[in-house]
Amino acid sequence: MAGTGRSGLAGVRGRNTMSGEGSRIAPADEAGVSAAVVAAHAEGVPLAVEGRGTKAAMLRPVQAARTLSLRAVSGITFYKPEEMVISARAGTPLEEIEAALAERRQRIVAEPPDLGALLGATGGGKGSIGGVVACNLSGPRRVAGFATRDLVLGLRFVNGEGEVLRSGGRVHKNVTGLDLCKLLSGSHGTLAVITEVTLKVGPAPERTATLVLPVADEAAGVVALSAGLTSPFGVTGAAMLPEGVSANGVMGPVALLRLEDVEASVRYRMERLRAALPGGRVLEGDESRALWRAVRDAAPLAVAQGEAVWRLSVRPSRASAAVAALRSIGARVMLDWGGGLVWVAGAATSAVHEAVMETARRAGGTFTLFRAPDPMRVSVPVIPDEVPALAALSARVKAALDPGGRLNPGRMRAGG
Amino acid sequence: MIALPPPKPEVLARREEIVAGLRALVPGEGVIAETLRLRPYETDGLSAYRQPPLAVVLPTSTEQVAAVLRFLHENDVRVVPRGAGTSLSGGALPLADAVVVGLMRMNRILDVSFPDRLAVVEAGVTNLGITKAVEGEGFFYAPDPSSQLACMIGGNVMMNSGGAHCLKYGVTANNLLGVKFVTIEGEVIEVGGGHLDAAGYDWLGLITGSEGQLGLVTEVTVRILRAAEGQRAMLAAFRSTEVAGAAVDAIMASGVIPVALEFMDKPCIHACEAFAHAGYPLDAEAMLIIEVEGSGEEQDALLGRIREICERFDPISMRVAASAEESMAIWKGRKGAFGAVGRISPDYLCMDGTIPTSELPYVLRRIGEMSAACGLGVANVFHAGDGNLHPLIMFDANDPESFAKAEAFGADILKLCVEVGGCLTGEHGVGVEKRDLMGVQFTRPELQQQRRVKEAFDPEWLLNPAKVFPLEGALAPPAH
Ligand SMILES: Cc1cc2nc3c(=O)[nH]c(=O)nc-3n(C[C@H](O)[C@H](O)[C@@H](O)COP(=O)(O)OP(=O)(O)OC[C@H]3O[C@@H](n4cnc5c(N)ncnc54)[C@H](O)[C@@H]3O)c2cc1C
Ligand SMILES: Cc1cc2nc3c(=O)[nH]c(=O)nc-3n(C[C@H](O)[C@H](O)[C@H](O)COP(=O)(O)OP(=O)(O)OC[C@H]3O[C@@H](n4cnc5c(N)ncnc54)[C@H](O)[C@@H]3O)c2cc1C
Numbered sequence: 520m521a522g523t524g525r526s527g528l529a530g531v532r533g534r535n536t537m538s539g540e541g542s543r544i545a546p547a548d549e550a551g552v553s554a555a556v557v558a559a560h561a562e563g564v565p566l567a568v569e570g571r572g573t574k575a576a577m578l579r580p581v582q583a584a585r586t587l588s589l590r591a592v593s594g595i596t597f598y599k600p601e602e603m604v605i606s607a608r609a610g611t612p613l614e615e616i617e618a619a620l621a622e623r624r625q626r627i628v629a630e631p632p633d634l635g636a637l638l639g640a641t642g643g644g645k646g647s648i649g650g651v652v653a654c655n656l657s658g659p660r661r662v663a664g665f666a667t668r669d670l671v672l673g674l675r676f677v678n679g680e681g682e683v684l685r686s687g688g689r690v691h692k693n694v695t696g697l698d699l700c701k702l703l704s705g706s707h708g709t710l711a712v713i714t715e716v717t718l719k720v721g722p723a724p725e726r727t728a729t730l731v732l733p734v735a736d737e738a739a740g741v742v743a744l745s746a747g748l749t750s751p752f753g754v755t756g757a758a759m760l761p762e763g764v765s766a767n768g769v770m771g772p773v774a775l776l777r778l779e780d781v782e783a784s785v786r787y788r789m790e791r792l793r794a795a796l797p798g799g800r801v802l803e804g805d806e807s808r809a810l811w812r813a814v815r816d817a818a819p820l821a822v823a824q825g826e827a828v829w830r831l832s833v834r835p836s837r838a839s840a841a842v843a844a845l846r847s848i849g850a851r852v853m854l855d856w857g858g859g860l861v862w863v864a865g866a867a868t869s870a871v872h873e874a875v876m877e878t879a880r881r882a883g884g885t886f887t888l889f890r891a892p893d894p895m896r897v898s899v900p901v902i903p904d905e906v907p908a909l910a911a912l913s914a915r916v917k918a919a920l921d922p923g924g925r926l927n928p929g930r931m932r933a934g935g
Numbered sequence: 080m081i082a083l084p085p086p087k088p089e090v091l092a093r094r095e096e097i098v099a100g101l102r103a104l105v106p107g108e109g110v111i112a113e114t115l116r117l118r119p120y121e122t123d124g125l126s127a128y129r130q131p132p133l134a135v136v137l138p139t140s141t142e143q144v145a146a147v148l149r150f151l152h153e154n155d156v157r158v159v160p161r162g163a164g165t166s167l168s169g170g171a172l173p174l175a176d177a178v179v180v181g182l183m184r185m186n187r188i189l190d191v192s193f194p195d196r197l198a199v200v201e202a203g204v205t206n207l208g209i210t211k212a213v214e215g216e217g218f219f220y221a222p223d224p225s226s227q228l229a230c231m232i233g234g235n236v237m238m239n240s241g242g243a244h245c246l247k248y249g250v251t252a253n254n255l256l257g258v259k260f261v262t263i264e265g266e267v268i269e270v271g272g273g274h275l276d277a278a279g280y281d282w283l284g285l286i287t288g289s290e291g292q293l294g295l296v297t298e299v300t301v302r303i304l305r306a307a308e309g310q311r312a313m314l315a316a317f318r319s320t321e322v323a324g325a326a327v328d329a330i331m332a333s334g335v336i337p338v339a340l341e342f343m344d345k346p347c348i349h350a351c352e353a354f355a356h357a358g359y360p361l362d363a364e365a366m367l368i369i370e371v372e373g374s375g376e377e378q379d380a381l382l383g384r385i386r387e388i389c390e391r392f393d394p395i396s397m398r399v400a401a402s403a404e405e406s407m408a409i410w411k412g413r414k415g416a417f418g419a420v421g422r423i424s425p426d427y428l429c430m431d432g433t434i435p436t437s438e439l440p441y442v443l444r445r446i447g448e449m450s451a452a453c454g455l456g457v458a459n460v461f462h463a464g465d466g467n468l469h470p471l472i473m474f475d476a477n478d479p480e481s482f483a484k485a486e487a488f489g490a491d492i493l494k495l496c497v498e499v500g501g502c503l504t505g506e507h508g509v510g511v512e513k514r515d516l517m518g519v520q521f522t523r524p525e526l527q528q529q530r531r532v533k534e535a536f537d538p539e540w541l542l543n544p545a546k547v548f549p550l551e552g553a554l555a556p557p558a559h
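Quick mapping for you: the protein sequence lines, in order, are chains A and B. Here the first sequence is numbered in our numbering, starting from 520 and rising by one per residue. Here the second sequence is numbered in our numbering, starting from 80 and rising by one per residue.
Since the hints were made in silico from the structure, they are not lab data. Note that the structure is a prediction, hence the values are computed from the model and not measured. We treat Cβ as the ideally placed atom computed from N, Cα and C, and that holds for glycine. It cannot be assumed that every hint is accurate.
No farther apart than 27 Å at their CA atoms in a straight line, the calculated lysine-lysine pairs in the DSSO-like style are these [stated by the list, open to error]:
no. : chain 1 : residue 1 : chain 2 : residue 2
1   : B       : Lys411    : B       : Lys211
2   : B       : Lys247    : B       : Lys87
3   : A       : Lys599    : B       : Lys211
4   : A       : Lys599    : B       : Lys494
5   : B       : Lys411    : B       : Lys345
6   : B       : Lys247    : B       : Lys211
With beta-carbon atoms standing in for the labels, derived distance ranges [unchecked claim]:
no. : chain 1 : residue 1 : chain 2 : residue 2 : range
7   : B       : Gly309    : A       : Glu615    : 38 to 48 Å
8   : A       : Ala794    : B       : Ala403    : 23 to 33 Å
9   : A       : Glu615    : B       : Ala452    : 40 to 50 Å
10  : B       : Gly358    : A       : Ala794    : 31 to 41 Å
11  : A       : Gly644    : B       : Gly518    : 34 to 44 Å
12  : A       : Asp893    : B       : Thr522    : 53 to 63 Å
13  : A       : Val897    : B       : Asp491    : 55 to 65 Å
14  : A       : Gly644    : B       : His356    : 54 to 64 Å
15  : B       : Arg187    : A       : Ala910    : 43 to 53 Å
16  : B       : Asp379    : A       : Glu803    : 17 to 27 Å
One-sided and incomplete, this derived list gives chain A residues near chain B with beta-carbon spacing under 7 Å [said to hold, decoys possible]:
no. : residue
17  : Val822
18  : Gln824
19  : Ser832
20  : Arg881
Turn these sequences into a full structure, and let the hints guide you.
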């Protein structure tokens, strides 16, 4: 079936791409995506892969003469609430999926964020389900269990030679063959073009409540979050707003601990949690939900025009030391995942970037440069360099999926 | 019978030299080459297949593993990694010209951090050993395969193993933070660590479940979780498998996700009852074991709701445990299911397909028909919440015809799983057992794509060959 039929190739051409130049193709279906990749492969033309194109400024800018947009490859193709499975074409807006799930009181457990505001995008919403998977973006609930990549049950995709392939399926447990779903999640369109995603979904909780606990500083905050996460009460969110940072009228420094479950459980567990961590107040229902939306989208960081944004994933017990280091270079921070996720906003300079990289390393974790002016994005590593043995594997795996190196060249690393 | 590849004559001819080379790298008791002492390594949990290896090496450190792999790579010797050897798909089955690299002597707990909710352990630590190391503080390692007393975390990582409680807590892949990984060239690579999300490719996700095809794992960082305040089980018995299947769907749709939801059919109920005397209802066609967690009152509330749902399906009987002891009694039969079937049949094959849960009644009916047609008994036990079937096919290994029939029956069940939208294996892996069925689930280009990824790690196909991929491609690099 691979590479057959040019039926879907009819697309919008000639508009500017994320790299600013060249043509744009927006095939109507998977066969069209395949045809476009086959053509790019044959002609030796690099392709910038785009979901709904709501975002431009992430990782490194792709230098490609042609943009392949998945915008028209859209729509929910399968939904079985009682089996907690949904499938949608890659270009389907996340909002459309969330609305369909909400109708049946379900949700995407990984809580993918809407980073448009943080990253200065104008409108366009949360982007596509393919984009969310390609970025493996997860929200606050990541700390309690699953990342987006953990919920991907199956993918259909087009490799760099234009072959239409599948990995995984639609059942919840599947260890048949190599797990290319995980490899493609978070590969930022550099290995293959995702055409359809099948996700495991979960029930929306009956009740949600948040304990807002004033704390002295980050060290005390992380200790409180850790106490919540190591309690037997199933905490599903553990964030901290530092001094001077506020969200929906909640002023830092506060630790936030969320419970979500059936009515009786949330009531009982919140009582126990308050007894263990006295001195806080409780936000219920919509107020709690709105607060966590803000945390999810890193809105409390209130990023200014021209600032750079980093996201650090670290060992939680090293978070407060990391925060101290970041403060000393004038950066602002916000913590999620019990301290394991550090959002950083600061001056878009290479000196600050160096300090952030060093801080991530010392905290036993990784960093991603999320937003920065183009000249900075092309001149610094936007994710950590790999050790030589791993870099060699990266190159070989890239060649195994995209032998011509056509897909999103330079997205994650210079020359790669 | 599944074909094994012909051994490389030049490797067999150099056996002494290879053994001597290994002895220089792993001194003392670490290298086994005597025929009698190789016996324990000639098979795994799929005991119908046996093949003594060229030699066994049992390193005690990552450095030794790296040195051994570098040496074997340089000498063009095939490698079969091994944990506890409990694989039910023949994943750890040796080859005549292969060296088994066993991780069982690497069994130290290296670090436990409760504030960071993680433990760093060597690959040879048993699954239960991790929980034992942290349960004093009220923590546990969530994935709980029934083999957890014996199987090792390295094997769990490579099989992406599940367990009865993965309905709530996920499988191995969802509970890992990092691994120390050694390539066939002897390079040591650290992937992940104490943090949750990777930047760059998801190596951890790719390595998990790769069945020893990509490299060896020597250390694993796992998430540890604080245990709930308590847990309690109930049992509900139904008149037909259809009705029990409908009850499963209703429970899952209610929004109350139990921590475990297990299904047993009549032959399995009878086998388990005879073995465990758990008080299972012998008149039922199907039975569910449902477990919930929380405080005493929370358990009451949740079990009350599940009870109400079950009542809508006119159960023959229901039994809600009143205490932890009564819960254990309900679980006792299920936990011993494999052993129980082993008592009523000389041998059994444990299958492991996954199906969409709505297909359960249809699939069980078809399995019943196939069983009647081939004359072999089958007992079904099933992780109902996630559709992972374990039909246990009863046969007599001393009768080659019976074994051939059992294998064909098993293959037909797995094909049926794929036909209804499921897959060949939910948690036991492809191994050697399902290797030749891969073409049922994947197209040729899909298999070629997976082979090319395998080749990125192991260009000479030295790592666990003759497993996972149909033989043509598992031995020779694919032409592309
Ligand atoms: C490091 C990083 C930086 C980010 N920066 C921003 C930002 O500056 N502004 C912002 O608003 N959001 C940003 N995000 C968030 C993220 O882009 C969106 O949340 C995501 O949903 C985008 O959806 P989209 O459809 O608009 O995808 P796009 O923005 O069009 O694409 C996002 C990435 O995914 C790839 N991709 C998209 N669809 C597919 C597909 N079907 N197959 C393969 N690859 C695909 C693209 O090549 C691109 O690398 C960032 C995320 C990360 C991880
Ligand atoms: C009675 C019984 C009950 C079982 N119940 C379950 C269950 O409930 N759920 C479930 O998922 N499985 C179950 N299994 C299957 C089996 O226990 C699991 O697959 C287990 O993870 C295997 O671990 P092991 O240490 O025995 O690995 P082995 O059998 O030794 O090896 C498994 C595979 O991993 C490779 N390997 C092992 N260690 C390494 C390493 N360090 N580096 C690289 N490759 C390695 C081997 O080459 C092989 O391919 C059961 C098995 C038995 C016998």
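Tested hints:
1. A threshold of 27 Å between alpha carbons decides the hint, and for B:Lys411 with B:Lys211 the separation of about 20 Å falls inside it, so the pair holds.
2. A C-alpha spacing of about 46 Å is found between B:Lys247 and B:Lys87, which places the hinted pair above 27 Å, so the restraint is violated.
3. For the hint linking A:Lys599 to B:Lys211, the alpha-carbon distance of about 39 Å lies beyond 27 Å, and the restraint is violated.
4. At roughly 23 Å between alpha-carbon atoms, A:Lys599 and B:Lys494 fall within 27 Å of each other, so this suggested pair holds.
5. Of the pairs offered as hints, the one joining B:Lys411 and B:Lys345 holds, with about 17 Å between alpha carbons and a cut-off of 27 Å not exceeded.
6. A threshold of 27 Å between alpha carbons decides the hint, and for B:Lys247 with B:Lys211 the separation of about 21 Å falls inside it, so the pair holds.
7. A hinted range of 38 to 48 Å for the beta carbons of B:Gly309 and A:Glu615 is consistent with their spacing of about 41 Å.
8. Checking the proposed 23 to 33 Å range against A:Ala794 and B:Ala403 shows it holds: the Cβ atoms sit about 24 Å from each other.
9. Roughly 47 Å separates the CB atoms of A:Glu615 and B:Ala452, a value that falls within the hinted 40 to 50 Å.
10. In this structure the hint that B:Gly358 and A:Ala794 lie 31 to 41 Å apart at CB holds, the actual value being about 39 Å.
11. For the pair A:Gly644 and B:Gly518, the supplied restraint of 34 to 44 Å holds, since their beta-carbon distance comes to about 41 Å.
12. Between A:Asp893 and B:Thr522, the C-beta spacing of about 41 Å breaks the proposed range 53 to 63 Å.
13. For A:Val897 paired with B:Asp491, a C-beta distance near 57 Å keeps the hint of 55 to 65 Å intact.
14. Checked against the hint of 54 to 64 Å, the C-beta distance between A:Gly644 and B:His356 comes to roughly 59 Å, which is consistent with it.
15. Between B:Arg187 and A:Ala910 the C-beta distance comes to about 30 Å, which lies outside the given range of 43 to 53 Å.
16. At roughly 24 Å, the beta-carbon separation of B:Asp379 and A:Glu803 lies within the given 17 to 27 Å, and the hint holds.
17. With a least beta-carbon distance of about 20 Å to chain B, the hint placing A:Val822 at the interface is violated under the 7 Å criterion.
18. At about 25 Å, the closest approach between the beta carbon of A:Gln824 and any beta carbon in chain B exceeds 7 Å, and the interface hint on this residue is violated.
19. The beta carbon of A:Ser832 is positioned within 7 Å of a beta carbon in chain B (closest approach about 4 Å), and the interface hint is therefore held.
20. Proximity of A:Arg881 to chain B is violated relative to the hint, the smallest CB-CB distance being about 12 Å (cut-off 7 Å).
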